[in-house]
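In the order they appear, the protein sequences are chains S and Z. Residue numbering for the first sequence is 1 to 219, as defined by this note's numbering. Residue numbering for the second sequence is 1 to 1079, as defined by this note's numbering.
Think of the hints as simulated: they come from the structure by calculation, not from any bench. Note that the Cβ used here is the ideal one computed from N, Cα and C, for glycine as well. Heads up, some of the hints might be wrong.
Unchecked claim - Okay, derived cross-link-like pairs now, SDA-like style, lysine to any residue, Cα gap no bigger than 25 Å in a straight line:
hint : chain 1 : residue 1 : chain 2 : residue 2
1    : S       : K201      : Z       : N1009
2    : Z       : K359      : Z       : N1009
3    : S       : K155      : Z       : N1009
4    : Z       : K964      : S       : T122
5    : Z       : K843      : S       : T212
6    : S       : K85       : Z       : N1009
Claimed, not checked - Quick list of the computed label-pair ranges, beta carbon to beta carbon:
hint : chain 1 : residue 1 : chain 2 : residue 2 : range
7    : S       : Y36       : Z       : Q165      : 30 to 40 Å
8    : S       : K85       : Z       : G194      : 51 to 61 Å
9    : Z       : P924      : S       : T212      : 30 to 40 Å
10   : Z       : A878      : S       : V117      : 40 to 50 Å
11   : Z       : E88       : S       : Y36       : 13 to 23 Å
As the list claims (entries may be wrong) - Okay, the calculated bits of chain Z under chain S, using three or more residues with CB under 8 Å as the criterion:
hint : stretch
12   : 91-100
13   : 1001-1014
14   : 1045-1053
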Amino acid sequence: MAQIFHHSANTLARTSILLGILGAGSVLGVMVMFFYSSAVTGVGEVREQPVPFSHAHHVGGEGIDCRYCHTSVESEASAGMPSTKTCMTCHSQIWKDSPLLEPVRASLRSDRSLPWVRVHDTPDFAYFNHSIHVNKGVGCSTCHGRLDQMQLTFKTETLYMQWCINCHRNPTKVLRPRDKVFDLTWEPPLNQEEVGARLAKEYNIPNRQLLTSCSTCHR
Amino acid sequence: MITNDPNTLTTEAPEARKNLGAETGRRFWRSLDEWSSTDDFKALIERHFPSQLEEVLDPVTRRSFLKVMGASLAFAGATGCSPVQPTELIYPYASNPPAGMSPGQPLFFATAMPFGGYGTGVLVESNMGRPTKVEGNAMHPASLGAADAFMQASVLSLYDPDRSQSVMFNGRTGSWDGFLAAMQRERTKHRENGGAGLRFLTGPLTSPSIVAQLRALLGADHYPNAKWYQYAPVSRANHHAASKEALGGAFDFVYDLAKADVVVSIDSNFLVEGPGHLAYARQFADRRRVSDGRTEISRLYAVESSPTLTGANADHRLRVKPSHVEVVARAIAQGAGVTAGQGSGLDAAAAAWITAVSKDLLAARGRSVVIAGDTQPPAVHALVFALNQALGNVGTTVRVIPAVEAQPVDHTAQLVELTNEMEAGAVDMLVMFGVNPFYDAPADVAFAAAMQGKVRLRVHLGESYDETGFLSNWHVNAAHYLESWGDVVSYDGTVSIMQPLIAPLYDGKTPQEVLNALMGQGGRPVYDLVREHWTATVKLPTPAEFDVFWQKSLNDGRVTLPSETPAQVVAATLGAPAPAASGQAATTAVRPVAAPVSAPAAPAVNPAIFAQPLAPSGDSLEIAFRPDPCLWDGSLANNGWLQELPKPLTKLTWDNAAIMGIRTAERFGLVDGAVVELGLGGRKVTAPARVLAGHPEGFVTLHLGFGRERAGSVGNGVGANAYALRTASALWLASGLEVRPTGEHYDLAVTEHHNMISAGSHADEAGSLSDHYAGGNETVGAGPAYVDGQRGRELYRVATMQEFLADPLVFQGGGGHGASAEGGHEGGGSHHPSMLDRQFEYKNNKWAMSIDTQACIGCNACVVACQSENNIPVVGKAQVLVNREMHWLRIDTYFEGNVEDPATYFQPVPCQQCENAPCETVCPVGATVHSEEGLNDMVYNRCVGTRYCSNNCPFKVRRYNFIKYSDQSPLAQLRANPNVTIRARGVMEKCTYCVQRIWRARIASEIENRPVRDGEIRTACQQTCPTDAIVFGNANDHESRVVKLKATKLNYTLLDELNVFPRTSYLGRVTNPNPELEA
């Protein structure tokens, strides 16, 4: 009986197996890349806001402290969004006729919220608390990046659980002296491991097991 | 009539109770089925999870199975399709936010909850302006920091979608402005004849501002010829009738159980019902707390007809027919030196009982209390007061105060009078406030017909568009108490000013606003009205001083009057009758008029009231009407938490039933769920039977509050309407009941067999693990369901004080070796060696709980508190029937002894937070894992729903979301606790020790760089517990309360032999029986 398949079928079969594996691998690779791409994570993506608020101008330029607007960041779970009144402490004096600021003035006039689009959105099943991080020497820029350089606000980190856990496993990498917490320009010193370990002790940072217990973040 | 001899039991028992009267050798049992060891029961215990088996037996065809599986697979893939989070908006305040308002940061406000007219102080948790949880107010004497199930559930009623949402006019949506205009026209009309055709109908009132308004309305300036009637189906009318007749005025009694060595309850349920019950429960429990080293505890005797929790907590309980309660009361009084007319119909055992009680009372002169239940006739109340007086209790354990109700009346007589007036055509306009007589009027009072036929204009203010509202011309939607300004007085005369937590969701109105409309000043906000009333009441010289008073009153949740306020002024304004003896009022008291009337001023009881001999018939079948332990008079019928709450003792949910004793059931050949027709005086109601161990024979108990037609989607058509049998002359007790079995069966959702711990089977596992895993399963359930006769291995442990003093290790496993605190593990310390020990070292915090079964009265407050705190869904009757109720905390009820007269015990069982947790080892996806502080964490996001954990849980505390139970409607979202995840379908859940509260306190302590203080974390169940039975804390802190409790000899853990080392442990119960009555 004649051969059903030509000799070259062997090569074809081998190639297709190889291609299949490669194909499956690359599909997986593409998927992984996709899930870590800014299209999904939102990292680096600017969200359109009702007013093009610039942290670079207010923080970097004018030197306004984070806590001027985010008042509850040291004491409560939420850092707090400034009320329209807070904006108007200055903007009733300066740029008071700017058309860009009309939504702000409208909000004050009508006593209705000025809705901002959330940039940093932890999932609802993760109970993040700002105050404990800030009080234990985790600085703003560790998670929020160089806001003093951002014209428009965007995420610099994925906020994936993997990213959270990285610090919770070894917080010494990011701990700062308390007076540097709101310093957006802070860079870890060369001996950060040493400084961080000392600070962890000083701040009474719980052990890694507690920091990575499920109920620490999920309730 | 009363017999305690099991040998006399009838032999023609139905099949289900074939072993009745036989010796089973069991010390404790949880249901009649278990007591009689039916085969069904054995099978039930064997299966552990009856619902799962039913699932397998479901007639699902292969085809539909494939369809469902295919769809599930497809959707399982689809869930991964949207990795991008939806865009969320942040809405900051426009003007500056109120102080402390921040997402995730709860604020607490004090107010008071009116219930039956009486107020109890509450602290309400508000999350971003939404009231989400009710707690007790520790500064309020009626709460002492605790809250009952009704208070806990009241927050759900606020967000009830079936609440009335607008003003209605003749069945169509109306408007408040339209109502005001109509009232203005009516005012002009009725002013002409002084309101001769105008009638008001309210419930019992204590609110000073409402009463002042009503009195003003009935004054010369408005409608001098109008009349004010009051009606409530459940009220303290009998008590007040007695005090008027016997004492010559309306008085209330305030008890001090902390000073009482002997307490006698005459068919009273003072521990869980009635004004002041939270305070009484606390006093009672404190006086009997053994865990603080006390060796002399008070003794409680209860005479009762329908079994109550107070009776269940008594050291001695005498079970009689309702009509015989008075006979017993007279005999006790006679024995204690009060001359009362004799009664007849008691047997020898009862007589011995009564003699012992009288003797004990006489021995404890001035240190005893006798309390009569509100369902008892006036004669019993008068008798009980005479008894207290004779025993010298008045002034020590019984305080007499002028009645708290503004105008105590005989409610039923008032309704009858009003009905007669309506029938005579004397009523042109009837204004009703928060009452529902269409539903709850006695059956022989033709209120509905008279009102519909003869009254031209019917006005109704109510929270729901109920039976009465529906048939009124004007219905005004009422504001919930959490939306209202107002004021209310509590059982001891403490006045609270109520403040709203939220603006009315549907623009609901208060009685003050409706009354104001009739005064011709309609449209004024209630805040102004209440504030004005109080400005006039306290008469402070400057507005600034009044502001201080106002703020302090709101902040504390109770009014403290400035000391210079003249008492007479306050008395007049508060709307209470002046004190009997004038000049006695102390101006510094919380409410001057409510100052104690000193003993000489208290008039002597007129003995003529109970001098007539009494001979209740012994043969006729009786019926007792009682307010439902969960729905009360029916006004709470649309509250899902209360509907699904297993009623104490009967463990019945979503229904009421004709509750009866074993012999009565046998007489008619009835078993649980057999439908009977109850006939009384020609009226008929059908209800399923429920046989309850320890229910006295010769009568049937039927709870009020069911059979509503217009309660809402939850409460409509649930249960049998007891009001259809109730007549004006026999509100609580009627004889001549006819019971006719219909032969039909009705499924009752009873939870007594749900989630049962099966000690026997697990003992087998522990004893021979190899057998068990080698297929030795047939031994499971075949062994004794209880390890009896071996003290120390029982799930529930109880001893008398004598036994405990003789052998302090009576509660410890194996007769004393390996006492609790010496074990390697906190909370029990097993003495069963095991290879499986995992020795964790907890360096920081080690959370643990201690539950005092001595203090637990079984009141269910913790169950609802847990439901409220942890967003636990309501599943509905069909799901409860298949064992799927979701309560994280259940109260196991144990009966002991004679099946006709058992002792009853309660044991709250939450997740035991085992250290060697069996659930953790079997989870294939690591969804339940141990935390560093010893919590048994449940990770909803990891859970795939294998339910292995729940199969392996010896305590049966895990709950599974078989379908999407959680209510995610917008209103329900408003109510939900934002700090606890709403669980999705297919996820396991269980008690977390309120981990969200632990972390709130932990974070606060970490910020301040200090350890968590003892008592800083209180779990929801602990915080609400009226008797302080639950204590939570850090087992590594040797000064903590929980460590001290666990170190006592009372401490034990459940299923010690399994070596799972639960973090939750129990304190044994110590009873104080009278040696003379110990057979």
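How the hints compare with the structure:
The straight-line distance between the Cα atoms of K201 of chain S and N1009 of chain Z is roughly 11 Å, inside the 25 Å bound, and the hint therefore holds. Only pairs whose Cα atoms come within 25 Å are accepted, and K359 of chain Z paired with N1009 of chain Z is rejected, the gap being roughly 59 Å. With a C-alpha separation of about 31 Å, the suggested pair K155 of chain S and N1009 of chain Z falls outside the 25 Å cut-off, and the hint is violated. Proximity of K964 of chain Z to T122 of chain S is assessed by CA-CA distance (about 24 Å); at most 25 Å being required, the pair is judged to hold.
Between K843 of chain Z and T212 of chain S, the direct Cα distance comes to roughly 16 Å. Compliance with the 25 Å bound is thereby established for this hinted pair. Proximity of K85 of chain S to N1009 of chain Z is assessed by CA-CA distance (about 34 Å); at most 25 Å being required, the pair is judged violated. A beta carbon spacing of about 49 Å between Y36 of chain S and Q165 of chain Z contradicts the range 30 to 40 Å that was offered as a hint. A C-beta distance of roughly 55 Å is found between K85 of chain S and G194 of chain Z, which places it inside the suggested range of 51 to 61 Å.
With their beta carbons about 20 Å apart, P924 of chain Z and T212 of chain S fall outside the hinted range of 30 to 40 Å. Between A878 of chain Z and V117 of chain S the Cβ separation comes to about 43 Å, which falls inside the hinted range of 40 to 50 Å. About 22 Å separates the C-beta atoms of E88 of chain Z and Y36 of chain S, a value consistent with the hinted range of 13 to 23 Å. Only residues whose beta carbon comes within less than 8 Å of a beta carbon in chain S count, and the stretch 91-100 of chain Z has 7; three or more means the coverage holds.
With 4 residues having a beta carbon nearer than 8 Å to a beta carbon of chain S, the stretch 1001-1014 of chain Z meets the requirement of three or more and the stated coverage holds. Residues of the stretch 1045-1053 of chain Z with a Cβ under 8 Å from some Cβ of chain S number 0, which does not satisfy the need for three, so the listed coverage is violated.
Against the hints set out earlier in the document, violations occur for numbers 2, 3, 6, 7, 9, 14.
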